[in-house]
Amino acid sequence: MERKQLAPGVHLSYDPAQKLNRCRISIHFTFPARRETATAHALLPLVMERGYAGCPDMTGLTKKLARLYGADLAVDGRPMGASRNLCVSVTGIKDRFALAGESLSQAYTELVLGVAFHPCMADGAFDAEAVAIEKQMLRQSLEDELNDKRLYCMRQTAREFYGDSPMGIRQEGYLEEVDGLTGQDLAAAYEEMLSTASIELMVLGCTPAETQRVEAAFMEELGKIRRRPVGPMAFLAMPRQIPVHKVETFDMVQAKLCLAFTLGKPMDLAELAAFRLAMALYGGSVTSRLFLNVRERDHLCYYCASSFQSFTGSMVVSSGIEPGDAARAENAILNELADLCTGPITSQELEDCRRGLMDGLAGIEDSLGSIESWYAMEMIRGGAITTPQQARADLAAVTVDQVRSVLRRFSLSVSYLLTTKEGAYV
Amino acid sequence: MSDHLRAILDCAGNERYVLPSGLTVLVRPMPGYSAAHAIVAARFGSIDLHFRLGEEELTLPAGVAHYLEHKMFEDQEGDAFAKFARTGANANAFTSFDRTCYYFTATNAVEESLDVLLEMVTHPYFTEETVAKEQGIIAQEIKMYQDSPDWRLITELCQCLYHTHPIRSDIAGTCESIAKITPEMLYDCCKAFYAPSNLVLAAAGNITARQVLDACARAGLDKPVTSPAARRLWVEEPMTLVQTWKTLPMAVSKPCFGIGYKEEPLAPGDGRTEMLYELVLCCISGGMSPLYRRLYDEGLVNPGFGGEVLRVDGCCCILFTGESDTPDQVEQLLLDEIERVRAQGVDREVFTLCKNEKYGQLVENLENVEDAASQMADFALMGQTVAQQIEMLAGLTAEDADVALQKILQPGRMARVRILPDGSAAGDSADND
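Protein chains in written order, with the numbering used here: chain Y, 1 to 426; chain V, 427 to 859.
Hints are computed from structural coordinates only; laboratory data are not their basis. Backbone N, C-alpha and C define an ideal beta-carbon position, used for all residues, glycine too. Please note: incorrect hints may appear among the correct ones.
Listed below are the simulated SDA-like cross-link pairs for lysine to any residue, each with C-alpha atoms no more than 20 angstroms apart in a straight line [what the hints assert, rightly or not]:
(1) Lys781(V) - Arg226(Y)
(2) Lys784(V) - Ala830(V)
(3) Lys781(V) - Thr59(Y)
Label-pair ranges, simulated between beta-carbon atoms [stated by the list, open to error]:
(4) Met377(Y) - Arg478(V): 52 to 62 angstroms
(5) Glu172(Y) - Arg478(V): 50 to 60 angstroms
(6) Met377(Y) - Leu846(V): 35 to 45 angstroms
(7) Pro208(Y) - His549(V): 46 to 56 angstroms
(8) His549(V) - Ser373(Y): 31 to 41 angstroms
(9) Glu765(V) - Arg297(Y): 37 to 47 angstroms
(10) Pro208(Y) - Asp436(V): 17 to 27 angstroms
Non-contacting residues of chain V with respect to chain Y, defined by C-beta distances greater than 10 angstroms in every case (computed) [what the hints assert, rightly or not]:
(11) Leu484
(12) Asn624
(13) Gly646
(14) Pro664
(15) Thr670
All chains should be modelled from the sequences, with the hints used to inform the complete structure.
Next up, the structure:
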């Protein structure tokens with residue numbers, strides 16, 4: 001992957017990825033999250049994805065993509081701690097597979113730039129009909145979040161954990177604000193994003209000549225924008241607190257238990273490799289303590305996994321359990337963490353986890369999705385870009401003491417349980 | 427041959443062997459890739475509950491194939507996950523209605539991982555104790571799916587449509603059915619369905635045919651194997667329905683609906699008709715259809731609405747599922763649209779574009795090592811190749827779709843299922859700081 005600066009706060013990353021059958025052009029906008037515009041930014045991807053000035057009709061756009069052999073157009077929003085990332089991307093098969101010899105990469109370029117820079121707007125507002133329809137969709141998705149109990153439990157945990165912190169600004173938006181949103185609100189949020197965001201153009205799987213054409217077309221669009229880029233947001237972390245236990249009861253079969261932990265202070269990126277290994281050892285792999293002991297040995301959970309977020313210095317353990325086992329499961333999850341902090345860690349279990357991570361890192365260049373995920377995250381985190389190869393070297397150098405040191409810093413903040421009335425244990 | 431066809435066939439090429447043991451081996455080396463993916467697929471899924479093994483006729487409890495999948499990871503020395511951990515491979519398995527697949531992805535020690543994979547599928551080890559200890563974890567898995575409205579819609583629709591076909595049973599079975607599983611049953615299943623002639627081994631990526639064949643030799647799969655012939659037994663399934671309407675309450679915030687059509691079963695290996703049905707569904711309810719656009723714009727469904735073909739031996743049905751505040755209205759609009767398209771024919775432009783999308787999907791599935799190996803195994807189980815799929819796709823016409831529509835999606839073979847909010851979704855909450 002090569003990377004160069006195109007303008008202040010704007011970079012191009014490119015990798016010809018010749019062995020792959022498809023190419024992908026994406027534009028990442030990363031900007032500070034603001035509570036006032038959270039719901040507008042939740043709605044923005046939905047409205048942008050349904051059409052742009054060059055092809056305003058949703059069905060027309062779907063047909064256009066089908067003509068490009070089912071190319072995938074996506075506009076995705078995701079939280080990055082106190083920042084937001086909005087990514088416009090087009091992924092499709094390479095020119096050599098086109099049945100009529102057409103230039104697909106040219107069409108992908110027009111599409112991605114059209115959606116990113118020429119949405120359906122008039123007189124300073126997004127198209128009213130599109131906004132009204134997508135407001136319905138956003139409202140429905142917020143009303144329906146309970147249908148997926150696992151996701152609902154994780155969201156409720158995050159809401160309790162982050163409270164009013166900038167990290168807690170809801171990426172999915174706020175139900176009570178949806179009805180009041182207007183096309184003007186959306187346009188203001190979009191214009192602010194264009195002018196303030198750090199922008200990363202990623203061109204994967206294209207030839208050098210195609211990449212140059214994408215870059216030139218992109219620069220032409222960028223030249224029309226008055227930019228005042230804001231630097232990346234610093235890593236944050238929630239302060240430590242006395243653990244809070246929350247319980248919601250429903251008529252459900254499997255209960256969900258989610259635990260949120262904080263480091264108490266922002267993480268240091270230099271320790272990322274140690275965090276990766278610590279997660280694999282605690283609950284992020286099939287050789288982890290949570291998988292082997294809580295799931296396989298004690299049969300307390302069907303799934304029980306930990307994940308770490310560098311932007312927020314937090315760790316979440318999510319599990320599906322018998323309603324009557326909630327207290328036992330929580331104790332077991334906490335005991336496994338305590339055992340790793342104070343008890344023995346065998347060389348074999350540590351090396352099993354390290355080997356699994358190293359193996360996965362070695363395969364990152366084998367798919368468009370993993371190349372993009374890896375490098376986009378590296379760029380959004382800020383600092384020097386670490387290649388998967390460098391990350392392997394960093395991982396190889398992590399010691400058991402470093403792993404233990406990382407795990408010792410986590411303290412429980414929130415325990416959130418969804419269960420039956422009979423399973424509540426508070 | 428055109429350049430584009432040559433390009434895709436270059437990507438899709440593979441070496442194919444049938445070993446003296448009966449094992450089918452497919453290998454696609456992919457230059458430039460770091461990882462290899464290998465998959466063993468057994469023609470044994472949740473629908474295989476009744477069969478003859480030699481002279482003996484066996485009937486098994488629902489969920490046995492899935493239970494077996496979990497237990498195949500264990501041997502006398504421990505479990506295969508631990509062995510994969512030594513090689514660094516990322517391994518897993520899944521069970522569907524008609525197959526069970528075991529697989530790994532690895533960038534190092536590929537030969538050692540192949541040995542672990544082949545050892546686990548050819549040397550089962552079960553005891554009363556090890557079989558019993560799995561019940562808790564599988565019961566948890568069953569319960570997790572019981573809370574999923576999407577999955578419940580599919581299983582309830584199958585129970586409305588089918589009297590006897592084992593598609594009626596959940597893939598994982600029930601907590602009661604899995605309690606009846608014994609080590610002897612699992613050994614019988616292995617004898618019947620894990621014979622090498624019933625398995626396909628497919629590998630793609632940074633791997634060679636020599637590596638795969640050597641691993642097969644180390645596992646003894648290069649020699650003839652005598653195994654008792656297993657024959658699936660079916661009770662004849664009439665084309666009538668069990669019931670046409672069913673509702674059930676769940677902790678959901680909005681009604682979920684399903685409409686299922688019972689179709690004539692397709693002949694084994696008939697991928698053409700299945701592909702044609704999928705194109706018909708794309709024309710009726712896909713993203714380019716006027717129906718989808720109306721339902722979406724009026725907020726009657728969310729983007730999860732759609733139709734699918736569910737096809738296994740002895741069973742073929744078409745299922746539409748979605749969420750809606752007004753399921754009656756959505757159902758009526760869908761039924762009206764089916765009749766309109768049946769009368770007027772499918773939209774020619776949309777039909778061609780649906781074919782375009784399918785072609786792109788075939789190319790995409792050749793790109794990464796996981797999809798490439800899985801696609802080879804899937805096609806081998808169906809007795810097809812990528813080249814045949816492309817040829818088949820190219821040969822399908824809108825007129826074929828019109829003819830098919832005169833037979834399928836008939837109102838007399840339709841069942842409906844509703845999942846209604848049970849009122850608990852508002853939730854009670856408590857906290858204890």
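Checked hints:
1. Taking the CA atoms of Lys781(V) and Arg226(Y), the gap is about 43 angstroms. The hint is violated against a cut of 20 angstroms.
2. Distance restraint check for Lys784(V) and Ala830(V): the Cα-Cα separation of roughly 19 angstroms lies within the 20 angstroms cut-off, and the hinted pair is therefore satisfied.
3. Restraint check for Lys781(V) and Thr59(Y): satisfied, since their Cα atoms lie roughly 17 angstroms apart, inside the 20 angstroms limit.
4. At roughly 55 angstroms, the beta carbons of Met377(Y) and Arg478(V) sit within the given window of 52 to 62 angstroms.
5. The hinted window of 50 to 60 angstroms between Glu172(Y) and Arg478(V) holds, with their beta carbons roughly 54 angstroms apart.
6. For Met377(Y) paired with Leu846(V), a C-beta distance near 42 angstroms keeps the hint of 35 to 45 angstroms intact.
7. Distance hint check: the CB atoms of Pro208(Y) and His549(V) are about 52 angstroms apart, consistent with the given range 46 to 56 angstroms.
8. For His549(V) and Ser373(Y), the hinted distance range of 31 to 41 angstroms is satisfied, since their beta carbons lie about 38 angstroms from each other.
9. Between Glu765(V) and Arg297(Y) the beta carbon distance is about 57 angstroms. The supplied range of 37 to 47 angstroms is therefore violated.
10. Checking the proposed 17 to 27 angstroms range against Pro208(Y) and Asp436(V) shows it holds: the Cβ atoms sit about 22 angstroms from each other.
11. Every beta carbon of chain Y lies more than 10 angstroms from that of Leu484(V), the smallest distance being close to 29 angstroms; the non-interface claim holds.
12. For Asn624(V), the non-interface assignment is confirmed: its Cβ lies about 27 angstroms from the closest Cβ of chain Y, beyond the 10 angstroms cut-off.
13. Even its closest Cβ contact with chain Y, about 27 angstroms, leaves Gly646(V) beyond 10 angstroms, as expected for a residue assigned away from the interface.
14. Every C-beta of chain Y lies more than 10 angstroms from that of Pro664(V), the closest at about 33 angstroms, which supports listing it as non-interface.
15. Non-interface call for Thr670(V) relative to chain Y: holds, since the shortest CB-CB distance, roughly 25 angstroms, exceeds 10 angstroms.
Checked against the numbered hints above, the structure violates hints 1 and 9; every other hint is satisfied.
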